[in-house]
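Asks: Letter by letter, the chains look like this.
2 protein chains.
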Amino acid sequence: MNGDTSDRLERDARMVLSRVVEPGDPDACRLVHQLSAKVVLDRLRAGRLTSAKAVGWSERLPQADADTYRRIADRIGARYVMPGDSEWPDRVSDLEALIGADDRRAGVPFGLWLRGPLRLAAACDRSVAVVGSRASTAYGDHVAAAVSAGCSDAGYLVISGGAFGIDAAAHRGALTGPARTLAVLACGIDRLYPAANSDLLLEIAGVGLLVSEAAPGCVPTKSRFLVRNRLIAALSQGTVVVEAAVRSGSLSTARWARDLGRGVMGVPGPVTSALSVGVHELLRQPETMLVTDHHEVVDFVGPIGEAPAPQRRGDTRPWDDLDDDGRRLLDAVPRATPARAEAIARAAGIAAAVVPRLLADLEGRGLVSGEPGGRWRATGRG
Amino acid sequence: MNGDTSDRLERDARMVLSRVVEPGDPDACRLVHQLSAKVVLDRLRAGRLTSAKAVGWSERLPQADADTYRRIADRIGARYVMPGDSEWPDRVSDLEALIGADDRRAGVPFGLWLRGPLRLAAACDRSVAVVGSRASTAYGDHVAAAVSAGCSDAGYLVISGGAFGIDAAAHRGALTGPARTLAVLACGIDRLYPAANSDLLLEIAGVGLLVSEAAPGCVPTKSRFLVRNRLIAALSQGTVVVEAAVRSGSLSTARWARDLGRGVMGVPGPVTSALSVGVHELLRQPETMLVTDHHEVVDFVGPIGEAPAPQRRGDTRPWDDLDDDGRRLLDAVPRATPARAEAIARAAGIAAAVVPRLLADLEGRGLVSGEPGGRWRATGRG
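So the protein sequences, as listed, match chains A and B.
The numbering of the first sequence is the working numbering, which starts it at 1 and goes up by one.
The numbering of the second sequence is the working numbering, which starts it at 1 and goes up by one.
With the rest of the complex left out, here is chain A (with noise of 0.2 Å):
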């Protein structure tokens, strides 16, 4: 049995734990770990595995097929990377720190089924997800939209889970900027959920990347959309919740960000919607960071100092750096009947030997015009 040989049983082995395993099971990841998927398969088949587990692993043996895969996969232009190709993202192993840490399902994936142009780990490597509620509002699916469109203009790829609402909000903005967009199914790489976003995914497939850990016809299931937003948060540098309400998951996506190291990002919206409740609780946790646009994502995910945020300033205005003399003087100017330079000055309290030279500088602004009897009158800018 020579090396590809051998590659090719592991190959196969992984891509048939990973239908008869559920997504991220702590237990299968720490055996395939330390024995190689081959040897835990063979095992498997021989009955040696007897924990209760195990046994429930057994039940499904029969359905899993590595032939079966590579056809469908063949047939849908589909492939399969493992850990150690050059696709694989090596980010996504951070998971490994987490088996264990509570009770959630955080294994590393066995492999990943692929489809699309895009090549995975080069594609994660400037790379958001910005993911929300099936139920949007039009703000929050304007909002995902809008930020998408800039990430990915400003190259980052915007990786989301493909569903209703934000996250094909979030695609489709995506779609319009050079680095695309990468949707992580929780349904095999062959079936396109939902199915009313078929021509979304399908888009997606021809220009972007679709991702999954499933095995090809694998059903989409709830457990499995939680497990699956681990991967949307490991391919991706930070999480931007946009719209979440209070038992959302992308909230769940938001936490695995923050136990994973990564940025964790919301976008707020009005207190009195309930689409925000999830977001605004985020935001309340100290290492959420508030956005309202892309360059505030990308400032937050990117290298220090690369993209800045533009701070936001109203127009300069004419009195904006007066001294607080010059303002003060400029307040006690009157606006409708022209005053003497003496009055202004006792107006304003301030000597009256140094008002004229004020004045003058406030005339040299516009702010005030001398008017016949060396009186002052304000313009009426300040």
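Simulated from the structure, these hints should not be mistaken for laboratory data.
This structure is a prediction, so every number in the text was calculated from the model and none was measured.
Just to be clear, a hint being listed does not mean it is correct.
As the list claims (entries may be wrong) - Output of the computed footprint for chain A on chain B, the stretches with three or more beta carbons under 8 Å from beta carbons of chain A: (1) 120-128; (2) 211-225; (3) 335-348.
Said to hold, decoys possible - Derived Cβ-Cβ restraints for the label pairs, each shown as a range: (4) Leu-202/B - Ala-138/A: 26 to 34 Å; (5) Asp-321/B - Val-219/A: 19 to 27 Å; (6) Glu-342/B - Val-219/A: 30 to 38 Å; (7) Pro-303/A - Arg-43/B: 53 to 61 Å.
Said to hold, decoys possible - If you want the ones that stay clear, here's a sample from chain A, every Cβ over 12 Å from chain B, calculated: (8) Gln-63; (9) Arg-79; (10) Ala-97.
We put the CB at the ideal spot given by N, CA and C, even for glycine.
Since the structure of chain A is provided, determine the placement of chain B on it from the hints.
Replies: Here is chain B on its own, set in the frame of chain A:
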């Protein structure tokens, strides 16, 4: 000269200096702190203070008269309090630490004119400032009123600036609760500015408190509004900004609050609203806490553990405390066509031996129902 007379002379001198010196002037504040107001005023009248600034003060001496102020105060039912008086709020003296820190006019006021039945020091003990844009939106007005009503109900005095927009909404909301409200004016206590708010200000004077450091008769000026903001921040335990454009003066109140070590809070809004841009910038600062209702405000400024904001949770649902196996099994039970336990076990990847027990548990929660022929169907509640 007995103690009462000396107190009266110092009090009169402070009233006069409040007119002669611009509020918060750090030089005057230092002089008064060192020498007493009476000595400073005597020297000023004698022409013995010769700095350019002091010459400016002298310009206003002819306009300032303590007896006039007393007469006005008597007529409108106002009173004057100064440091050392039982009604003087000690926390205002925190401003002293900021004098000279930058070029803002941080000086402790010489005294405060008060109008209304509340006792200032006691009323400020539990207090929150609610401030924001004059050009507020209906959203901002609604939230400012709701937060303020809730704070007042919880026993917190609401402090604001008596202006249009958010200030007015905050005062109005707070008037519905027992703790009432306090307006810090930028003009003399006898002026009801802006005139369109005079009914509101009179109502506050009737049941709450109007406060000003400016002498009776003083008109409001731009710079006085900004310097006034330091008192709003200093009198309260924390400042909530509800709506603020980029340059909003309410952001200066938040800055004062931060520099005074008070809590700084912001209510978010749509990122598409220009009136929330300033608040969102504020919320991107690590010291600012996002708040969405009065619970969170009180939680932030109150003593730790006194009134923790209720955790937002959706309704509990029968599948909330399912373990991982239970959830996976539930995912595998079909809704339309009932299935046998063995098929469900296979779909879920769970050992067939434990499935009957798990199904019984799900049935107990009303999540699945047993059908004829030993088949099971999900009830659709999960």
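Asks: Tell me, in ascending order, the numbers of any earlier hints that this structure violates.
Replies: Violated: hints 1, 4, 6 and 8.
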